[in-house]
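Undergrad: Listed here are the chains, written in short residue letters.
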Amino acid sequence: MQKHGDTPLKDHLLHTLHMIQQRERCITDESIHRIAAQYSLPVSQVRAVVAFYAFFQTEPCGDYHLFFSNCPACGYEQAGQNLLQMLAHKLNVQIGQTRPDGRISLHETSCIGMCDHGASLLVNGQPLTGLESASIERLANQIETAAPLHNWPQDWMHTDSAVHKTNLLLEDSFVPGAGLRTTLARGTDAALEIITHSGLRGRGGAGFATGRKWRLCKAAAGDARYVVCNADEGEPGTFKDRWLLQQQAERVLEGMAICAFIIGARQGFLYLRGEYRYLLPHLQTTLAQQRRQGLLGKNIGGEPGFEFDVDIVIGAGAYICGEESALIESLEGKPGIPRNRPPFPVTQGYLGQPTVVNNVETFWAAASIIVNGADWFKSVGTPESSGSKLLSISGDCTAPGIYEYPFGITVHQILRECGAMNTQAVQIGGPAGTLIGRADFQRKIGFEDLSTGGSFMVFGETRDMMTVVQNFTKFFAHESCGFCTPCRVGTTLLKHNLEKIATGHGTHLDIQTLRETSNLVQRYAHCGLGHTAANPILNSLQSFPEIFGQRLAARSFTPNFDLDAALSEARRLTRRDDSKAHLDSGY
Amino acid sequence: MNNSKLKLATTSLAGCFGCHMSFLDMDERLEALLEHASFDRSPLTDIKTIGNCDIGLIEGGVCNAENAEVLRQFRANCRILVAVGACAINGGVPAMRNQYSLQECLEEVYLHGTGIVNPRIPDDIELPLLLDKVYPVGEIVKIDYYLPGCPPSADTFLHFFEALLQGKTPELPRETLHYD
Amino acid sequence: MTEDSATPNGAQRPPTPSGTRRIVIDPVTRVEGHGKITLLMDEAGHIYEARFHIVEFRGFEKFIQGRPYWEVPFIVQRLCGICPISHQLAAAKAVDQLVGVDELTPTALKLRRLLHFGQILQSHALHFFHLSSPDLLFGFGSHPERRNIVGVLADYPDIGMKGIRLRKFGQQIIQAITGKRIHGAATMAGGMNKPLFPAERDGLLAEIEPIVTWCQEAVTLNQQIHMTHPAHRQFATLHTPFLGLTGRHGELEFYHGGLRASRSSGERIFDHFDYCDYREILQEEVRRWSYMKFPFLSRLGKDHGWYRVGPLARINQCASITTPLAESARQAFKAIEAGKFVHDTLAYHWTRMIEMLHCAESIQALLQDEEITGCDLLAEHGAKQLEGIGVIEAPRGTLFHHYQIDTQGLITQANLIVSTTSNNQAMNESVRVVADTYLEGKTITEALLNHLEVAVRAYDPCLSCATHALGKMPLQVELIDHQGNLVDHMTKQNGRMVAQS
Amino acid sequence: MPTDQQSFTLDNCKIPFSPGQTIMDAALAAKTYIPHLCHFPGISPQGNCKLCTVKIGTRQVAACTTLAEPDIVVESEIQELTDARRALTQMLFIEGNHICPSCEKTGNCSLQAMAYHLGMEDNHFPQFFPQREVDASHPQIWLDRDRCILCSLCVRASQEADGKHVFAIAGRGLDAQLIVNSSSGKLAESDLAPEDLAARICPVGAILIKEVGYQTPIGQRIFDQHKIDEIGLEQVILAHNTTATRDE
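Chains as they are written, first to last, in my numbering: chain L, 1 to 587; chain F, 1 to 180; chain S, 1 to 501; chain H, 1 to 248.
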């Protein structure tokens with residue numbers, strides 16, 4: 001059905017919608033009808049897709065279409081300044097809207113994977129990094145003078161990451177093709193045995209044994225099998241996959257090909273988050289190169305009949321698509337709503353066929369493991385978490401960037417080595433992971449203790465942790481897919497509840513409600529997003545009770561809203577401002 | 001009045017008085033209740049300011065500043081505060097106005113209505129200002145018990161009072177639970 | 001009446017006319033709704049204006065827009081928990097027009113009438129026994145702690161219990177037809193949703209005889225009170241035009257009829273006027289100090305066109321009553337002014353009881369009518385209309401419901417003129433008259449406060465309907481001097497009046 | 001019952017099942033009620049309302065989408081789950097505009113009946129009071145999104161039973177809403193017919209036949225006469241909604 005070429009799947013629904021959005025600034029109802037007809041889909045399904053992904057818009061966006069990252073790690077809000085608001089003010093545009101002259105639209109977005117570069121944003125898909133209050137002014141000028149993007153200062157376009165610590169995998173002098181050669185030489189069973197024996201577990205954070213996943217997929221009945229590389233690196237604070245795709249994409253692709261050989265797949269997909277679209281030219285070049293070298297395509301590595309190729313599918317702004325079944329839905333051109341599991345993707349994945357979905361780093365590691373052997377990999381790490389792990393370190397430290405550590409490393413040591421001073425908290429594994437305070441800095445990175453997909457955000461003692469927890473809680477409310485009741489409603493309730501407490505209007509009753517709602521969302525939600533959405537709150541209630549306690553109102557009960565503010569519309573309409581026109585808000 | 005009696009205050013905020021009517025629907029049984037309970041501030045008496053009470057019954061949601069103040073007075077003076085009926089509990093039918101801005105509602109009634117002379121939005125200082133929305137009472141004060149229904153039936157009231165008079169925690173029998 | 005801008009302390013308000021003082025009464029009790037009264041005095045100490053502020057607003061006209069017409073009767077009945085049936089029926093009549101039904105089936109019409117009689121009976125019983133009888137039995141100046149239904153039950157247990165049972169009977173009729181005593185559901189577009197089962201009819205019939213008797217006793221009691229207290233005859237009395245529906249032969253009619261209006265002299269302004277054209281005869285003025293509008297007869301203009309509705313208007317204007325006991329009670333009433341209009345405001349109570357008697361008699365007749373238990377409940381719908389107007393005589397007076405819909409059936413516009421609104425100006429005037437009569441010097445006395453409340457209460461104002469909001473009407477009095485300063489403020493605490501400056 | 005049939009335990013009762021059956025289906029077949037709103041026998045389960053959540057050990061799973069397995073021990077009628085189900089129901093109430101007193105579905109509404117079943121006396125959470133669109137464009141059917149609980153039964157019924165694709169759910173998080181598959185997005189241009197299962201399956205008052213209103217007298221409505229935990233009630237509800245269709 002698809003042709004492999006130098007461009008992404010032209011006919012993938014998400015890509016078609018993206019092209020229309022590029023061409024027409026938005027996706028009109030007319031376009032929706034046209035596409036529905038073209039794809040023989042119900043109009044409602046196309047509408048549902050457009051409505052689901054944050055990067056698709058039904059109202060025209062500006063010549064300059066900006067998505068400002070509000071990730072707390074990169075520090076858009078620092079030293080009493082909110083760079084996003086500053087930019088909105090300078091450009092005279094409302095956040096979330098297009099300026100009436102149609103020139104600028106400014107949106108807030110969650111982490112764009114530039115956390116080691118300071119405050120950053122995407123302008124027409126291009127990341128601008130290292131923003132400070134001075135550069136905001138200059139940025140506004142560039143936009144107002146309609147300067148073409150390629151003429152903007154190159155130092156804003158810096159997207160590489162510093163590597164501060166290397167271990168097994170980064171030190172491996174991987175020779176392209178070596179992994180495939182070994183795999184072909186050993187045969188599928190032996191190759192699978194290496195992966196299994198190495199103890200490699202999924203690097204996205206969930207930690208499912210990779211060998212077991214591949215074995216289950218290989219054994220599952222199906223007409224075709226698929227290999228999917230999850231490059232939807234959406235967990236705030238993570239950027240190591242972006243770096244891997246920038247620097248070592250060939251090893252990732254080779255890992256996919258190895259998997260394909262083992263499980264018997266002919267088709268692979270690299271599902272790239274929409275925020276990383278700018279990596280596309282590089283990835284296409286790499287794909288072409290792999291094909292030229294016989295590492296993708298037909299008769300790979302000279303093996304007759306071993307045919308495998310990879311298509312890139314680019315998302316459009318939905319964190320939930322990092323969940324493997326949601327990702328598959330998205331690959332199929334649908335809204336990224338997680339499926340009921342079982343059946344798991346290994347038996348019924350893409351188009352209902354057995355599918356392996358692994359993280360970028362997992363494939364990357366697998367390629368090296370095949371070459372160097374299981375024992376090599378197990379030489380570091382812990383019995384339950386073998387090998388090493390890439391961490392994306394950001395936040396309040398002197399040396400943010402990529403670190404490779406063997407599993408079992410303590411948080412304390414990492415903090416020391418990344419130049420973190422006076423740290424009060426570390427968010428490990430992103431908002432969906434674990435927030436720990438000083439008392440827990442002796443804990444170890446590993447599936448048996450602090451599991452992480454790679455996000456490691458450092459918060460110094462001057463941080464207001466309530467702001468951080470609020471930021472993460474808003475993030476989940478924004479990213480909830482809306483499928484199940486507890487997550488759809490609960491995440492917004494948590495957001496409001498927390499806001500009431502954060503602004504000093506909460507009481508012990510509100511804390512009790514916060515705890516109850518958190519537990520409900522955690523236990524009853526449909527998928528991982530919901531299961532983890534309350535983590536920042538539950539963790540901080542545990543580790544930072546003072547950020548709640550010190551804000552409690554000195555009343556036993558407070559209203560849920562500001563009563564006096566609720567009279568403001570009436571005051572305006574009646575032009576009254578007498579004493580009876582106000583209420584003690586009690587809030 | 002007899003001090004050993006339960007002292008009862010009632011008020012209607014943004015309600016329709018239907019809950020009060022349903023209370024009266026106890027009919028002859030009202031007489032028996034009055035042997036154990038006496039009224040403080042209520043639309044049925046001439047007591048205008050609430051004193052210390054055992055039970056406060058609140059009908060209606062909160063739509064204006066005066067509602068909010070009366071509700072707070074009730075909370076401050078009642079040992080047990082009860083939200084009675086759909087409007088008090090979740091805003092009820094009056095909360096249908098929450099679909100519109102206050103301005104739209106006022107303009108429709110006082111500016112654009114049929115046969116209007118001197119169109120203007122009433123703004124006298126004697127009029128309590130309207131809140132932007134109609135709010136459930138539980139979003140403004142702590143509520144101890146809820147008697148749902150539009151209105152709750154007379155039997156529901158009786159169940160509730162009987163339990164209180166017997167010193168029990170009132171629990172609504174499932175069959176009395178209804179929202180319409 | 002003129003628009004006045006006196007105000008206590010609002011810096012942004014227009015200046016107070018020199019020489020006025022203001023009194024505010026808050027809360028008014030034993031009426032159904034929220035409201036308060038301001039009295040404006042001139043330097044000579046005369047009350048030149050009384051303002052009965054309706055302090056609540058609910059916005060039904062706006063928020064029913066966009067709702068389907070078939071839901072409307074059940075939404076708008078929530079205007080009022082005392083007379084929900086009036087609203088359900090007025091809206092149902094409008095809905096009948098929307099679906100092209102001119103005539104209900106005989107059973108459906110009788111069921112609606114029965115329902116309506118039950119409703120008026122319970123509402124009138126409530127108003128007299130539960131709310132107003134304390135004033136009339138104990139006297140206006142009696143002890144406030146006693147002056148309520150609990151006091152009546154203690155001192156006049158027979159009267160009190162009969163009142164409770166009368167109201168109960170009305171509620172039972174409502175329950176039998178609508179499924180609930182309050183906010184039930186009975187009307188359908190062009191009919192009713194349920195027949196009255198013979199067992200239900202029999203149960204009600206078994207109780208009717210004492211009901212009729214008690215209603216007669218209530219008429220007698222009110223006649224005695226009114227005629228043996230000369231002060232009652234003058235109390236708050238106004239000479240005003242009257243408006244209401246009457247039947248084809250000018251008889252007392254609650255469910256359906258033509259509009260009749262008369263000057264205070266009895267001279268007809270119009271008669272048998274089709275209520276669907278109400279916009280030709282009625283307009284409403286907005287005043288800044290009340291959420292309740294001020295309707296007036298267009299022909300007489302806004303300054304002189306205000307009128308009264310309700311029992312006093314209906315009994316004065318009708319030519320007859322179709323039931324014998326009520327008719328003879330009407331004749332006795334009319335005799336006190338030799339057939340001319342009776343303008344005594346407190347005669348509202350007496351006429352209310354005459355109507356209650358008529359309801360009881362009519363209920364008896366309907367329950368004995370074989371057709372009442374019929375099963376043919378729905379008329380065939382005709383061509384859809386985009387506008388429907390339903391007018392009915394509610395317990396407190398003429399009630400107008402007017403709806404426009406789009407072709408999909410959703411409400412696009414609504415206008416509601418509820419009974420109490422029509423009495424708005426009259427209540428203000430009655431209060432002014434009483435205040436002027438009973439105010440001594442510049443201080444507010446408890447006697448004044450009580451008398452003001454009695455005047456308002458006579459109209460049985462249903463302020464929840466009036467503002468499309470209902471609840472308690474607090475009465476508070478404020479006295480404002482000529483510079484706009486609050487001189488005296490009066491409210492009541494635990495039954496005792498507290499005055500403070 | 002064949003002797004070789006497998007079984008599991010639900011609240012101390014043995015529930016037989018055949019392979020491939022969900023916990024919900026097996027329980028219903030054994031006349032054991034597990035609360036649910038988005039499940040309907042014969043329509044593929046989706047598991048979005050989460051009211052049917054049961055416990056297997058320490059694990060919470062949706063009974064409607066989880067396959068029964070031999071000898072598992074499933075808990076349902078325990079306080080912890082009742083409390084959670086009540087909270088979930090309260091969430092459904094506050095996220096929409098569920099004004100029971102004026103809703104024509106009152107007395108026939110499964111959400112309301114569920115709330116009664118769970119002893120819900122108030123909404124507990126602050127109301128959202130969202131603004132949602134009414135679609136009355138269709139001559140016989142109307143859509144009141146205020147009352148939609150996003151159970152998607154109409155979406156599935158339209159696809160699976162009616163062979164149409166009239167409905168879909170679009171938007172994410174709290175913006176998720178029921179949309180109509182037609183050129184204008186309005187029901188009028190859709191191929192929905194009053195006889196369709198999709199037009200009759202709505203458990204709340206979101207999809208209704210026009211001009212029915214309060215046709216069923218109080219006392220004779222479904223939940224005046226039944227409780228929601230009666231097995232097979234779905235058929236009663238469908239029959240009721242069919243009557244409403246026919247009468248019009």
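Calculated from the structure, these hints are not laboratory results. Possibly wrong hints are sitting among the right ones.
[To be verified] With a cut-off of at most 25 Å between alpha-carbon atoms, the simulated SDA-like pairs for lysine to any residue come out as follows:
no.: 1; chain 1: S; residue 1: K162; chain 2: F; residue 2: I121
no.: 2; chain 1: F; residue 1: K5; chain 2: S; residue 2: Q172
no.: 3; chain 1: L; residue 1: K580; chain 2: F; residue 2: H36
no.: 4; chain 1: L; residue 1: K495; chain 2: H; residue 2: R132
no.: 5; chain 1: L; residue 1: K444; chain 2: L; residue 2: Q542
no.: 6; chain 1: F; residue 1: K5; chain 2: S; residue 2: P157
no.: 7; chain 1: L; residue 1: K165; chain 2: L; residue 2: A147
no.: 8; chain 1: S; residue 1: K302; chain 2: F; residue 2: D123
no.: 9; chain 1: H; residue 1: K210; chain 2: S; residue 2: P157
no.: 10; chain 1: F; residue 1: K142; chain 2: L; residue 2: E516
no.: 11; chain 1: S; residue 1: K334; chain 2: S; residue 2: Q216
no.: 12; chain 1: S; residue 1: K302; chain 2: F; residue 2: I121
no.: 13; chain 1: L; residue 1: K218; chain 2: L; residue 2: A190
no.: 14; chain 1: H; residue 1: K164; chain 2: L; residue 2: Y39
no.: 15; chain 1: H; residue 1: K210; chain 2: S; residue 2: E103
no.: 16; chain 1: H; residue 1: K186; chain 2: L; residue 2: D101
no.: 17; chain 1: L; residue 1: K580; chain 2: F; residue 2: G51
no.: 18; chain 1: S; residue 1: K302; chain 2: S; residue 2: D274
From a predicted model like this one, the values you see are computed outputs, not experimental measurements.
Undergrad: So, for every hint listed, does it hold in this structure?
TA: Quick rundown of the hints versus the structure:
1. At most 25 Å may separate the alpha-carbon atoms for a hinted pair to count; S/K162 and F/I121 exceed this at roughly 45 Å.
2. Using a Cα cut-off of 25 Å, the hinted pair F/K5 and S/Q172 is violated, with the two alpha carbons roughly 30 Å apart.
3. Of the pairs offered as hints, the one joining L/K580 and F/H36 is violated, with about 38 Å between alpha carbons and a cut-off of 25 Å exceeded.
4. Between the alpha carbons of L/K495 and H/R132 the distance comes to roughly 21 Å, so the proposed pair stays at or under 25 Å and holds.
5. Straight-line distance between C-alpha atoms of L/K444 and L/Q542 comes to about 19 Å, which keeps the hinted pair within the 25 Å bound.
6. Between the alpha carbons of F/K5 and S/P157 the distance comes to roughly 20 Å, so the proposed pair stays at or under 25 Å and holds.
7. The straight-line distance between the Cα atoms of L/K165 and L/A147 is roughly 39 Å, outside the 25 Å bound, and the hint therefore fails.
8. Restraint check for S/K302 and F/D123: satisfied, since their Cα atoms lie roughly 21 Å apart, inside the 25 Å limit.
9. Between H/K210 and S/P157 the CA atoms are separated by roughly 51 Å; this puts the pair beyond 25 Å, and the hint is violated.
10. Using a Cα cut-off of 25 Å, the hinted pair F/K142 and L/E516 holds, with the two alpha carbons roughly 18 Å apart.
11. Between the alpha carbons of S/K334 and S/Q216 the distance comes to roughly 17 Å, so the proposed pair stays at or under 25 Å and holds.
12. Note on S/K302 and F/I121: the hinted pairing holds, with a Cα-Cα distance of about 18 Å set against a maximum of 25 Å.
13. A threshold of 25 Å between alpha carbons decides the hint, and for L/K218 with L/A190 the separation of about 14 Å falls inside it, so the pair holds.
14. The suggested pairing of H/K164 with L/Y39 holds, with an alpha-carbon distance near 17 Å, which does not exceed 25 Å.
15. For the hint linking H/K210 to S/E103, the alpha-carbon distance of about 22 Å falls within 25 Å, and the restraint holds.
16. Note on H/K186 and L/D101: the hinted pairing is violated, with a Cα-Cα distance of about 32 Å set against a maximum of 25 Å.
17. The straight-line distance between the Cα atoms of L/K580 and F/G51 is roughly 23 Å, inside the 25 Å bound, and the hint therefore holds.
18. Of the supplied pair hints, the one linking S/K302 and S/D274 holds, its CA atoms being roughly 22 Å apart against a limit of 25 Å.
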